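Peer 1: The task is to assemble the complex, starting from two chains supplied on their own in separate frames and drawing on the hints.
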Amino acid sequence: MNLTLKVWRQSGPTDPGHFETYETTDVKDEMSFLEMLDVVNENLIADGHEPITFDSDCREGICGTCGLMINGQAHGPQKGTTTCQLHMRKFHDGETVTIEPWRAAAFPVLKDLMVDRSAFDAIIESGGFITADTGGPRDANEILIPKIAADSAMDAAACIGCGACVAACPNGAAQLFTSAKLAHLNLLPQGQAERWKRTEDMVETMEMFFGSCTNYGECQEACPKEIPIDFIAMMNRDFLKSKFKNRKLQGQR
Amino acid sequence: MSTITLDSKVPSGPIEDRWTNHKFNMKLVNPANKRKFTVLVVGTGLAGAAAAATLAQLGYQVKCFTFHDSPRRAHSIAAQGGINGAKNYKNDGDSVHRLFYDTVKGGDFRSRESNVHRLAELSVNIIDQCVAQGVPFAREYGGLLDNRSFGGAQVSRTFYARGQTGQQLLLGAYQALMQQVSLGNVELHTKTELLDVVTKDGVAAGIVTRDLVTGDIRSWAGHATLLCTGGYGNAFYLSTNAMNSNVTASWRAHKKGALFANPCYTQIHPTCIPASDEFQSKLTLMSESLRNDGRIWVPKEFDDNRAPENIPEEDRDYFLERKYPSFGNLAPRDIASRNAKQVVDEGRGVGPIKNGVYLDFAESIGRLGENVVFERYGNLFDMYERITDENPMKMPMRIYPASHYTMGGLWVDYNLMTNIPGLYALGEANFSDHGANRLGASALMQGLADGYFVAPNTISDYLAGLLGKTPVGTDDPAFSTSVAAVQDDMRRWIAVGGTKSPEYYHRELGKIVWDYCGMTRDKNGLEKALSEIPALREEFEKNVRVLGDPDGINQSLEKVGRVADFFELGELMCRDALMREESCGGHFRVEHQTEEGEAKRDDENFSFVGAWKWEGTGTTSTLHKEPLVFESVKPVERSYK
Numbered sequence: 001m002n003l004t005l006k007v008w009r010q011s012g013p014t015d016p017g018h019f020e021t022y023e024t025t026d027v028k029d030e031m032s033f034l035e036m037l038d039v040v041n042e043n044l045i046a047d048g049h050e051p052i053t054f055d056s057d058c059r060e061g062i063c064g065t066c067g068l069m070i071n072g073q074a075h076g077p078q079k080g081t082t083t084c085q086l087h088m089r090k091f092h093d094g095e096t097v098t099i100e101p102w103r104a105a106a107f108p109v110l111k112d113l114m115v116d117r118s119a120f121d122a123i124i125e126s127g128g129f130i131t132a133d134t135g136g137p138r139d140a141n142e143i144l145i146p147k148i149a150a151d152s153a154m155d156a157a158a159c160i161g162c163g164a165c166v167a168a169c170p171n172g173a174a175q176l177f178t179s180a181k182l183a184h185l186n187l188l189p190q191g192q193a194e195r196w197k198r199t200e201d202m203v204e205t206m207e208m209f210f211g212s213c214t215n216y217g218e219c220q221e222a223c224p225k226e227i228p229i230d231f232i233a234m235m236n237r238d239f240l241k242s243k244f245k246n247r248k249l250q251g252q253r
Numbered sequence: 254m255s256t257i258t259l260d261s262k263v264p265s266g267p268i269e270d271r272w273t274n275h276k277f278n279m280k281l282v283n284p285a286n287k288r289k290f291t292v293l294v295v296g297t298g299l300a301g302a303a304a305a306a307t308l309a310q311l312g313y314q315v316k317c318f319t320f321h322d323s324p325r326r327a328h329s330i331a332a333q334g335g336i337n338g339a340k341n342y343k344n345d346g347d348s349v350h351r352l353f354y355d356t357v358k359g360g361d362f363r364s365r366e367s368n369v370h371r372l373a374e375l376s377v378n379i380i381d382q383c384v385a386q387g388v389p390f391a392r393e394y395g396g397l398l399d400n401r402s403f404g405g406a407q408v409s410r411t412f413y414a415r416g417q418t419g420q421q422l423l424l425g426a427y428q429a430l431m432q433q434v435s436l437g438n439v440e441l442h443t444k445t446e447l448l449d450v451v452t453k454d455g456v457a458a459g460i461v462t463r464d465l466v467t468g469d470i471r472s473w474a475g476h477a478t479l480l481c482t483g484g485y486g487n488a489f490y491l492s493t494n495a496m497n498s499n500v501t502a503s504w505r506a507h508k509k510g511a512l513f514a515n516p517c518y519t520q521i522h523p524t525c526i527p528a529s530d531e532f533q534s535k536l537t538l539m540s541e542s543l544r545n546d547g548r549i550w551v552p553k554e555f556d557d558n559r560a561p562e563n564i565p566e567e568d569r570d571y572f573l574e575r576k577y578p579s580f581g582n583l584a585p586r587d588i589a590s591r592n593a594k595q596v597v598d599e600g601r602g603v604g605p606i607k608n609g610v611y612l613d614f615a616e617s618i619g620r621l622g623e624n625v626v627f628e629r630y631g632n633l634f635d636m637y638e639r640i641t642d643e644n645p646m647k648m649p650m651r652i653y654p655a656s657h658y659t660m661g662g663l664w665v666d667y668n669l670m671t672n673i674p675g676l677y678a679l680g681e682a683n684f685s686d687h688g689a690n691r692l693g694a695s696a697l698m699q700g701l702a703d704g705y706f707v708a709p710n711t712i713s714d715y716l717a718g719l720l721g722k723t724p725v726g727t728d729d730p731a732f733s734t735s736v737a738a739v740q741d742d743m744r745r746w747i748a749v750g751g752t753k754s755p756e757y758y759h760r761e762l763g764k765i766v767w768d769y770c771g772m773t774r775d776k777n778g779l780e781k782a783l784s785e786i787p788a789l790r791e792e793f794e795k796n797v798r799v800l801g802d803p804d805g806i807n808q809s810l811e812k813v814g815r816v817a818d819f820f821e822l823g824e825l826m827c828r829d830a831l832m833r834e835e836s837c838g839g840h841f842r843v844e845h846q847t848e849e850g851e852a853k854r855d856d857e858n859f860s861f862v863g864a865w866k867w868e869g870t871g872t873t874s875t876l877h878k879e880p881l882v883f884e885s886v887k888p889v890e891r892s893y894k
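So the protein lines, in turn, are chains A and B. Everything in the first sequence is counted per the numbering used here, starting at 1 for the first residue and increasing by one. Everything in the second sequence is counted per the numbering used here, starting at 254 for the first residue and increasing by one.
This is chain B alone, in the form it adopts within the complex (with noise of 0.2 Å):
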C-alpha cells in the first residue's frame, strides 16, 4: 500500500528566525543556469502573475497559462475589502507577531504555525512591492497611506484601494507579468485550460492543455509546474467564485498522486446578497466592511410579515450584539455567517423568500448623516440596487451567507511543494495557511506572498538537483497516454447523448453539497450525501448532453469536465467532514458545539491536517495526517465575546 510520509519540511529553531535559516540553507541555481530551467505556471490570479513575473525576472524560462482571454480577468480581481500588512502605520500595536497570531487564531488552530509566520513577515514586503509597482492604494492627505479595520483584528492594518484591492492589486501583477511576456522571458498561452498533470516515475514532467478555441489538446514539459488555479468554492454551485472557476487543475493532480487537505475546510461569507429565484447562477458579495456600520437584526418573531419599517425597536433581535457583546456585528466570518443561518431557520428570515437577515443602516444614518454613510459604501449600495432594485440609504440591506473561500487544498510542504516533487501549488489552491477559517484581507496576502517571495526563493532548491538532466520530452510514452485520456474525455462526453445540461447536473450537485456540507453538518445528513452524490454522479454520466464538436469553442464541453471534477470532490469534501469528529472554524459538525452552541474543537484527535489519498474511481479515498504543532501560540477556545 501507500508509502507516502507527509514530510512538511518546516526548518527548525526560532519561529522568527525560520524562513530567514530555510532561504540561507536552500541551494540556489546561479544566473547563468537558471535559464536552462522551464517552469510551467497554470492560472494568472495573483498568486500565478506574481510568480510567473518574478521567476522570469530571475532569469527561468516561463510559460504561463489561463483559460481566461487574458491574465488580467482571474477571479483574484473581485476581492474587493483589502489586504493584510503588519507595517504598523497606525502606532496602534501591530506587529509581525500579533499578525501571525491573529491568523493562527482566526484560522481555529488548525494551520500550520511556521507557514503563517512567513506570511506574516512577508506581508510587510508585499506592500512595498505593490506601492513600487503602481498600485494606488488610498492614501491620507499627507500622502501616507491608509488602513482600515477588518473582522477577526483589533488593529488597522488593511491597506485598500476603495472597494477594488484585488483588482488593483491583480493589474499590478499583471502588468509586471505583461512587461516579462515583452522580454520574451514569458510564453503566454491565453484560453488555454490544464486537463491533466503528467508525471514520470512519480515526478512531474509537464501538463496537458486544451485550447479553448482551436479545441487542440497539447503537451507541455517543464522542470517544474506550479498550479496557481485557485479554490472550489463553486462545488457549492451558488458561490460569489466567478462562473468559470473550477477545481480541475487541482483534481486532476490530486488524481495523478497528489493528496488533497483539508477539503471540508470552506468558508461561507455572511454578507452577501440572498438568491432571488431558481434561475440565479452565481452570489454576489457586499464587503465585510458594511459590517462597520450596519446592525444585523430579523424580527423576533416568526412569519412577521410587516415591513421592517414598521417594526419597532422591541419587537426586532439583533442577534449579533446580543450574542457576543465585545465584537458585535464585526464577529469573525464562520460565526456571523452561522447565527444568519440559525435564525433564518427558525423561520426569522426576511425578503420575498424569507432567506436572509436585515443589515440596517439607519442608526449610522442617524448618527453620521447620509453624506458619511454614502461616501463610505456608495459604491457597494449602488451593486446592491442594481441586482435588487432596493436603496439600502431607504430600507435595510437583505444579506445571507455564501460559499466565498476554500481553505483546504492540495497538500503542500514549506517549500509550497505538493507530495509530487516538482509540482508546486500555490494561493488558493494550496492548504497552508489559513487553518479551518481565514481571516478578512488575507488571501490576497497569501497570493502574493507564495507568488512574489515564497516559490521563486523554494523553487531553486528543487531545481539545483536537476541541473545536467535532460527533463522528460513531450514524446514520452507519459505525454501521449495522457493526451489519448484526454481527447477519449472529450468524445465519450460528447457521445452520451443524454437529455440534461452539464449545468443542470451542477446546479443539483451543488444542492446536495450545500444541504449536508455547508454551514452546518452532521453525522446523519453527511452519510446522506456519500449515498446522493454517486448516485447523481450515476445518472449524469449517463445523461448528460453535451452539444457540438471537440474542435473548436465549445463551452458545454468546457463545462461538463469541470462538472465530473466537482462530482468527486465534492464527495470528498463530504468525507472529510465525516471523518472529522470536531468543530472548528468553518467546520461546524452539530454534534460538537458547546453549550452556549460555539465550535467545540478536539485538540487531543483532531490536531492534524487531514490530507486524502486518490485510490481510483469507486474506491475509498485513504487519509493521511500530518500532525499540527503548535509552540509559538497555544491552542484556546476561540471566543469573541
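If we strip away everything but chain A, and leave its shape as in the complex, we get (with noise of 0.2 Å):
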C-alpha cells in the first residue's frame, strides 16, 4: 500500500518544529508501523537527508521506550497495543498518517519524535519504592499475600511507564501512571509501612511537573496495557487518608 505520511521534525528543544510530508510506497501489511518508519528512514538517508529522530528498544510492547501520536491518538488505532507492536495491516492504501510526539508541557521535545519523560523517574525517586535493602530478608512464604491482592498488584504493576497516558490526556495529567505505581506497592503486605508517606510524596511530586486530573478516562482508553483508572480513585483516597495518617503517625493527632 502507499501513504502519506505528515511527520513532526524538530531540531531541537528550542526549534519551533513543523511536519514535513513523506510519500511512502510499498508498505506492506506485515511490517510493524516502526519498521515502516525504519524504511522511510533509509530512503531519507539514501536521499542525503537526516533520518526522523525515534525512541523504540524492545519492539516487544514491554519497555515503554516508544511511543508516537498517530493520527491523534497515543501508540495509534489499535486498542491494548504499543506503537512497535502496530502493525500496517491496520491503514489502509492512500491513508494519510499524521506521526506526531508525545504532547504534553512535562515530557519536552528533544527532536523530533523524541521526548523527555524525566519527570516519570522524578516521582518513582520521590516514594516509589519499598525500603528493603539486601541482605537478609525473611523467608519469601512467610508473607502469604493473598492470590487476589497479588494479582491486583501485578494488574497495576504490569505499566510499562511509556506516557501515553500522559500524551493522551487533555491536562496532561499523570494520575493513571502515578496511581498504578503506588497500587502496586499500596496493595502489598510489604508495601504497608511506608504507604502513607510514599503516597504524599509521589503525589505531590506528581503535580509539581504534570497538570491536574479531570476524569476525561482519555487515559485508560490510550494505556497499552490497558490499566483501569480504578487505581486513581485509590490514590484519590489514599491520599486523601495520608494527610491524616502522616500527622497521626508523628504523634499529631
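In case anyone wonders, no lab produced these hints; they're calculated from the structure. Owing to the predicted nature of the structure, the values given are computational and were not obtained by experimental measurement. Among the hints, a few may not be true.
Taking lysine-lysine and the DSBU-like style, the derived pairs with C-alpha atoms no more than 35 Å apart in a straight line are [unchecked claim]:
(1) 28/A x 553/B
(2) 764/B x 90/A
(3) 576/B x 28/A
(4) 6/A x 444/B
(5) 147/A x 776/B
(6) 343/B x 508/B
(7) 722/B x 866/B
(8) 753/B x 6/A
(9) 90/A x 647/B
(10) 878/B x 776/B
(11) 781/B x 28/A
(12) 607/B x 79/A
(13) 509/B x 453/B
(14) 607/B x 28/A
(15) 444/B x 753/B
(16) 6/A x 764/B
(17) 197/A x 444/B
(18) 287/B x 197/A
(19) 594/B x 28/A
(20) 647/B x 79/A
(21) 576/B x 594/B
(22) 753/B x 878/B
(23) 444/B x 90/A
(24) 795/B x 28/A
(25) 28/A x 444/B
(26) 576/B x 607/B
(27) 147/A x 647/B
(28) 289/B x 197/A
(29) 753/B x 28/A
(30) 90/A x 753/B
Peer 2: If you want it as C-alpha cells, here you go:
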C-alpha cells in the first residue's frame, strides 16, 4: 500500500518544529509501524536527508521506550497495543497518517519524535519503592499474600512507563502512571509501612510536573497495558487518608 | 609476548563451603571508609541496577550510567518466563545441589563448577530479596508462592509474575536504585553511553562516555568499574534482543586488554515468530512455557502446501516427540532449535516463506478446553495475533529459532573481575555460569545474583587494597588520550560520506554470522565467514553514510560505532567456533556429532574456557585457556532421550 505521512520534525528543544510530508510506497501489511518508519529513514538517508529521530528499543511492547501520536491517538488506533506492536494492516492504501511526538508540557521534545520523560523517574524517586536493602530478608513464603491482592498488584505493576496516559490526557496529567505505581506497592503487605508517606510524596511530586486530573478517562483508553482508572480512585482515597495518617503517625492527632 | 595467566581464584575446599569461606577470607572495607571509594556502574539491567543499589546501600559512592532514558528500560525487562530458585517449596526433590547439577549439565559441562554452585546457593536469597521489595510473583490461593517448570529440569522451581517476570524483577531493582538516587548515594546518568574504558598502568581507571542528547564526551574516574552491559546477540542482526542492545562496552574493554571468553557460545531460542520479510527489524520471542501444551510438527512430505487443518495425522511428523520420547516437546533449547532448523532445511518448513514449524495447541484445546488453554497463554496468543494476524486458538502457531542469549562474554575470575584489575563484568556481559548452553529461567537468576550478592561482596577485597591511594584523575593523559580518540572516531564516521546506512551493513553482517556461525557450524563455512566479514568491514569503513552532526542527538552516529564493534566481534565468534573442534551446547560443529546427530563433546581436548586477547586491528587474536575441572559433577553425555 502507499501512504502519505505527515511527520513532526523539530531539530531541538528550542526549534518551533513543523510537519514534513513524505510519500511512502510499497508498505507491507506485515510490517510493524516502526519498521515502516525504518524504511522511510533508510530512504531519507539514501537521498542525503537526516533520518527521523524516534525512540524504540525492545519492539515487544514491554520496555515502554517507543510512543508516537498516530492520527492524534497515543500509540495509534489499536487498543492495548504499543506503537512497536502496531502493524500496518491496520491502515489502508492512500491513507494520510499524521505522526507526532507525545504532546505534554512535562515531556519536552528533544528532537523530532523523541521526548524527555524524566519527570516519571522523579515521581518514582520521591517514593515509588519499598525500603528493603539487600541483605537477609525473611523467607519469601513467610509473607502470605492473598492471590486476589497479588493479582491486583500485578495488574497495576504491568505499567510500562511509556507516557501514553499523559499524552492522551487533555490536561497532561500523570494520574494513571502514578496511581499504578502506588497501587502496585500499596496493595502488598510489604508496602504498608511506607504507604502513607509514599502516597503523599509521590502525589505531590507528580503535581510539580503534571497537570490535574478531571476524569476524562482518555488515559485508560490509550494505555497499552489497559490499566484501569480504578487505581486513580484508590490513589485519591489514599492521598486524602495520608494527610491524616502521616500526622497521626508523627503523634499529631 | 603476553604474560597473561588466567587465575580463576576459585577457593578450595568442599564445593558447598567455598562461597562461605571465600566471603570470610576476603578483605573488608569498614563502613566509614566505604564512602571514600567511587564505583562506576555501567548498565542498569538486572545486574547493573541491583549492583548500583546494593553498593550505594553499603555506603560506596556510586555513579551509574545507562544509554536509556530511564534505568527501567534495560532489556532485562523483556524476559518473560521466570526465575529459578532452589526453594523446594513444591516438595518435589529440589535442592541447591540439584539446581547446581542441572545447570552444569544444561551447560554441557563447559561452565566453571564453583561459580555455578554459588549461583544455585544464591538463588534462594534472590527470591526472598525480591519478595521483600514487592515483586508481585504469582501466588496460590493460600497466599504462598506458585512455581512452574521449565525446559531441562524435572522439578518445579521457577517463580514467575505472569509472562512479565523480567519486567517485575527489573522494576524491583530499578526502584531500589531510584531510592538510592533520592538519598544522594547514586549519581545517575541516563542517555549516556560508554565509549571507552580507561586503564592506567594496566589497572582500570574509569570510563569515557558520550551524552546522547548533547553529544558531550566526558571522562569519569572511579576506583572500580562494573560493566553490566548485557550480551551480544545482535551480532546476528535479527535476534530477540532490543534494537539498541550492543557489545560496545564489553568490546571496548576487550580492546583495552580484557579477555573475551567463549564468544561462539550463543543461544538460539526455539520458539520465536519467524521473520516475515526483508524489512524485519527484530524477532519476537514466544515463551518457552508454550511448549508445555503445544505440539511441534511439520508435514512429512516436502513442499506440502496444504493448510495445516487439511493435513491428516498420518502425514504429520511430530519430530521432537519422535526423537526424544522422554522429554518430547520440552527438550532443551539447543536441541529443539537444531531439530527445527533441520526440518526446515530439508524443505519441510511451513508458512508463506517456508521458514517455520508448527506449534499446535489443538490437542490441548481438545483435552483441556478452550478456556483453560486461553487462560494459560492468552497474553502470548494476543501478541502473536497482533504480529501475524493469525489466531493460535484456530490454527497452529508458526515458530522458528532465533538468537536470544549469549553465554560467552568477558572473562572473569570467581570475584567477577576481568583480567584488568578493578574492571568487573556482571550478568550476561560475563561468561562464567552457563557454559555452552543456558537453561530457561537462569538468566534473571544470574543477573541478580551477580548484582545483589556477588559483586558487592567481592569488590571490598579489591578496594581494601586501595585505601589511602589517590585514584587516577580525569586530568590524567590516560583520559585525555581516550577522549581525543573517541572524538576522532565521531568525526571520522561522519567524514566517510559513503552511500549506505549503518543499518544496511549491520543487516549484511548479521546474515554472514547467522549463516556460518548460527545454529550449526562447519569448518568451510567458518573459513568463508572469516574472509567475508573483513571484506564487508572494509567496504563498511569506506562506504558508510552517517549524516548530521556529532553534537546533539544523532542515532546514526550511535549506531555506526556499535556496528563497527559487531564486525570485530563477529569475526572473533567465527574464529572461536573454528578453534573449538567439538560440539557442545549451543555450539554445534557438523563434523562432530554422534551417529544419532547429537552434539559430541571432546572432553579430552576441549574442556577449557577459550579466552581471547585482542592483538590490534588486522592482527589475529591470541587464545588463552583456562582448564575446567569437574570435582563434584562427572561429565557425561548429555542425553534427553
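Peer 1: Work down the list of hints and note, for each, if the structure agrees.
Peer 2: Hint by hint, here is what the structure shows:
1. 28/A x 553/B: With a Cα-Cα distance of about 31 Å, the restraint between residue 28/A and residue 553/B holds, given a limit of 35 Å.
2. 764/B x 90/A: holds (30 Å)
3. 576/B x 28/A: violated (39 Å)
4. 6/A x 444/B: Since the Cα atoms of residue 6/A and residue 444/B sit roughly 28 Å apart, the hinted pair holds (cutoff 35 Å).
5. 147/A x 776/B: violated (54 Å)
6. 343/B x 508/B: violated (47 Å)
7. 722/B x 866/B: holds (29 Å)
8. 753/B x 6/A: holds (25 Å)
9. 90/A x 647/B: Holds - the C-alpha atoms of residue 647/B and residue 90/A are around 21 Å apart, at most 35 Å.
10. 878/B x 776/B: Cα-Cα ~21 Å, so holds.
11. 781/B x 28/A: holds (34 Å)
12. 607/B x 79/A: holds (31 Å)
13. 509/B x 453/B: holds (10 Å)
14. 607/B x 28/A: holds (18 Å)
15. 444/B x 753/B: Measuring from Cα to Cα gives roughly 26 Å; hence the hint holds.
16. 6/A x 764/B: Holds - the C-alpha atoms of residue 764/B and residue 6/A are around 34 Å apart, at most 35 Å.
17. 197/A x 444/B: It holds: about 30 Å lies between the C-alpha atoms, which stays within 35 Å.
18. 287/B x 197/A: Distance of about 30 Å is within 35 Å: holds.
19. 594/B x 28/A: Distance of about 26 Å is within 35 Å: holds.
20. 647/B x 79/A: Distance of about 22 Å is within 35 Å: holds.
21. 576/B x 594/B: holds (15 Å)
22. 753/B x 878/B: The given pair, whose Cα atoms are some 40 Å apart, is violated under the 35 Å limit.
23. 444/B x 90/A: holds (33 Å)
24. 795/B x 28/A: holds (32 Å)
25. 28/A x 444/B: holds (33 Å)
26. 576/B x 607/B: The given pair, whose Cα atoms are some 22 Å apart, holds under the 35 Å limit.
27. 147/A x 647/B: holds (31 Å)
28. 289/B x 197/A: holds (32 Å)
29. 753/B x 28/A: holds (23 Å)
30. 90/A x 753/B: holds (31 Å)
Going down the numbered hints, you'll see the structure goes against 3, 5, 6, 22, while the others check out.
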